[in-house]
Amino acid sequence: MNTECCTIYLANDDKQRLELMATQGLIFQGDTIHIGFNEGLVGLVKRTAEPINLAEAAKHSAFKFFPELGEDVYHSFLGTPIIHRKQVLGVLVVQQKTPDSLVKWKSLSWLRCLRR
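Each residue of the sequence shown is one higher than the one before, starting from 5 at the first, in the working numbering.
Keep in mind that a hint or two might mislead.
[Unchecked claim] Below, computed lysine-lysine pairings styled on DSSO-like, alpha-carbon distance capped at 30 Å:
{"hint": "1", "residue 1": "Lys68", "residue 2": "Lys90"}
{"hint": "2", "residue 1": "Lys90", "residue 2": "Lys19"}
{"hint": "3", "residue 1": "Lys63", "residue 2": "Lys19"}
{"hint": "4", "residue 1": "Lys101", "residue 2": "Lys68"}
[Said to hold, decoys possible] Pair by pair, the computed Cβ-Cβ distance ranges are:
{"hint": "5", "residue 1": "Phe67", "residue 2": "Glu8", "range": "15 to 25 Å"}
{"hint": "6", "residue 1": "Asp104", "residue 2": "Ile12", "range": "15 to 25 Å"}
{"hint": "7", "residue 1": "Thr102", "residue 2": "Lys19", "range": "15 to 25 Å"}
{"hint": "8", "residue 1": "Arg89", "residue 2": "Lys63", "range": "33 to 43 Å"}
{"hint": "9", "residue 1": "Lys19", "residue 2": "Ala59", "range": "27 to 37 Å"}
{"hint": "10", "residue 1": "Pro103", "residue 2": "Glu72", "range": "20 to 30 Å"}
{"hint": "11", "residue 1": "Lys19", "residue 2": "Lys101", "range": "10 to 20 Å"}
It is worth saying that the hints were derived from the structure and are not from the lab. This one's a predicted model, so the numbers in the text were calculated from it and none came from an experiment. Backbone N, C-alpha and C fix where the C-beta goes; we use that ideal spot for every residue, glycine too.
With the sequences and hints as input, model every part of the structure.
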(Lines of atoms letter the chains of each structure in order from A and count residues from 1; the text may use other names and numbers.)
(Lines give C-alpha, C1' and ligand atoms only; values in the text may rest on other atoms or scores of the structure.)
Protein backbone atom coordinates (compact mmCIF):
# COMPACT_ATOMS: atom_id res chain seq x y z
CA MET A 1 0.00 0.00 0.00
CA ASN A 2 1.40 3.39 -0.98
CA THR A 3 0.76 5.89 1.82
CA GLU A 4 1.93 9.36 2.87
CA CYS A 5 2.01 8.70 6.60
CA CYS A 6 2.47 5.56 8.70
CA THR A 7 2.61 5.54 12.51
CA ILE A 8 2.96 2.83 15.15
CA TYR A 9 1.53 3.24 18.65
CA LEU A 10 2.29 0.61 21.31
CA ALA A 11 0.09 -0.03 24.33
CA ASN A 12 1.36 0.72 27.83
CA ASP A 13 -1.15 -1.24 29.89
CA ASP A 14 0.25 -0.03 33.22
CA LYS A 15 -0.43 3.61 32.26
CA GLN A 16 -3.58 2.83 30.21
CA ARG A 17 -2.28 4.64 27.14
CA LEU A 18 -0.83 4.18 23.68
CA GLU A 19 2.61 5.68 23.03
CA LEU A 20 3.84 6.86 19.64
CA MET A 21 6.90 4.73 18.90
CA ALA A 22 7.65 5.37 15.22
CA THR A 23 6.32 7.43 12.35
CA GLN A 24 7.03 8.33 8.76
CA GLY A 25 5.10 11.46 7.82
CA LEU A 26 4.33 13.11 11.16
CA ILE A 27 6.48 15.64 12.99
CA PHE A 28 8.02 13.61 15.80
CA GLN A 29 10.98 14.94 17.74
CA GLY A 30 11.28 11.93 20.03
CA ASP A 31 9.11 13.58 22.69
CA THR A 32 6.65 11.30 24.39
CA ILE A 33 3.32 11.45 22.61
CA HIS A 34 0.66 9.36 24.27
CA ILE A 35 -3.03 8.76 23.81
CA GLY A 36 -5.22 7.35 26.56
CA PHE A 37 -7.06 4.15 25.79
CA ASN A 38 -10.27 6.23 25.96
CA GLU A 39 -9.01 9.01 23.65
CA GLY A 40 -9.19 9.60 19.93
CA LEU A 41 -9.46 7.25 16.99
CA VAL A 42 -6.30 5.40 17.99
CA GLY A 43 -7.79 4.68 21.41
CA LEU A 44 -11.02 3.55 19.74
CA VAL A 45 -9.10 1.05 17.61
CA LYS A 46 -7.40 -0.26 20.78
CA ARG A 47 -10.68 -0.58 22.70
CA THR A 48 -12.68 -2.26 19.94
CA ALA A 49 -9.82 -4.32 18.46
CA GLU A 50 -11.31 -3.49 15.05
CA PRO A 51 -9.94 -1.48 12.11
CA ILE A 52 -11.31 2.00 11.42
CA ASN A 53 -11.25 3.28 7.82
CA LEU A 54 -12.31 6.92 7.35
CA ALA A 55 -12.19 9.31 4.40
CA GLU A 56 -12.49 12.35 6.73
CA ALA A 57 -11.09 11.47 10.14
CA ALA A 58 -11.71 14.92 11.64
CA LYS A 59 -15.47 14.48 11.18
CA HIS A 60 -15.59 11.43 13.46
CA SER A 61 -16.78 12.09 17.01
CA ALA A 62 -13.78 10.26 18.50
CA PHE A 63 -11.20 12.30 16.55
CA LYS A 64 -8.58 14.04 18.69
CA PHE A 65 -6.20 16.54 17.10
CA PHE A 66 -2.52 16.71 18.08
CA PRO A 67 -1.20 20.00 16.61
CA GLU A 68 2.40 19.22 17.60
CA LEU A 69 2.43 16.26 15.18
CA GLY A 70 1.48 18.28 12.09
CA GLU A 71 -1.32 15.86 11.31
CA ASP A 72 -3.70 18.60 10.19
CA VAL A 73 -2.70 17.99 6.54
CA TYR A 74 -4.05 14.43 6.62
CA HIS A 75 -7.70 13.64 5.97
CA SER A 76 -7.91 9.88 5.43
CA PHE A 77 -7.29 7.52 8.34
CA LEU A 78 -6.89 3.77 8.53
CA GLY A 79 -6.10 2.38 11.95
CA THR A 80 -5.78 -1.32 12.66
CA PRO A 81 -4.96 -3.09 15.90
CA ILE A 82 -1.71 -4.99 16.30
CA ILE A 83 -2.87 -8.22 17.93
CA HIS A 84 -0.95 -11.18 19.31
CA ARG A 85 -2.67 -14.05 21.12
CA LYS A 86 -5.91 -12.06 21.31
CA GLN A 87 -4.21 -9.14 23.08
CA VAL A 88 -4.06 -5.70 21.44
CA LEU A 89 -0.39 -4.72 21.64
CA GLY A 90 -0.75 -1.49 19.71
CA VAL A 91 -2.22 0.30 16.71
CA LEU A 92 -0.86 0.80 13.20
CA VAL A 93 -2.16 3.95 11.49
CA VAL A 94 -1.80 5.04 7.87
CA GLN A 95 -2.98 8.46 6.70
CA GLN A 96 -3.36 10.30 3.40
CA LYS A 97 -3.77 13.97 2.52
CA THR A 98 -6.62 13.25 0.12
CA PRO A 99 -10.04 12.54 1.65
CA ASP A 100 -10.69 8.98 0.49
CA SER A 101 -11.11 5.57 2.09
CA LEU A 102 -7.65 4.04 2.17
CA VAL A 103 -8.64 0.43 1.78
CA LYS A 104 -11.64 -0.93 -0.06
CA TRP A 105 -13.88 -3.28 1.91
CA LYS A 106 -12.50 -6.39 0.25
CA SER A 107 -8.99 -5.43 1.35
CA LEU A 108 -10.25 -4.47 4.83
CA SER A 109 -11.55 -8.03 5.30
CA TRP A 110 -8.09 -9.28 4.36
CA LEU A 111 -6.57 -6.90 6.92
CA ARG A 112 -8.87 -8.26 9.64
CA CYS A 113 -7.75 -11.78 8.77
CA LEU A 114 -4.07 -10.78 9.06
CA ARG A 115 -4.40 -9.40 12.57
CA ARG A 116 -5.66 -12.62 14.20
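Evaluation of the provided hints:
no. : hint                       : result
1   : Lys68 - Lys90              : holds, 26 Å
2   : Lys90 - Lys19              : holds, 20 Å
3   : Lys63 - Lys19              : holds, 28 Å
4   : Lys101 - Lys68             : holds, 17 Å
5   : Phe67 - Glu8: 15 to 25 Å   : holds, 18 Å
6   : Asp104 - Ile12: 15 to 25 Å : holds, 22 Å
7   : Thr102 - Lys19: 15 to 25 Å : violated, 35 Å
8   : Arg89 - Lys63: 33 to 43 Å  : holds, 35 Å
9   : Lys19 - Ala59: 27 to 37 Å  : holds, 32 Å
10  : Pro103 - Glu72: 20 to 30 Å : holds, 23 Å
11  : Lys19 - Lys101: 10 to 20 Å : violated, 32 Å
Going down the numbered hints, you'll see the structure goes against 7 and 11, while the others check out.
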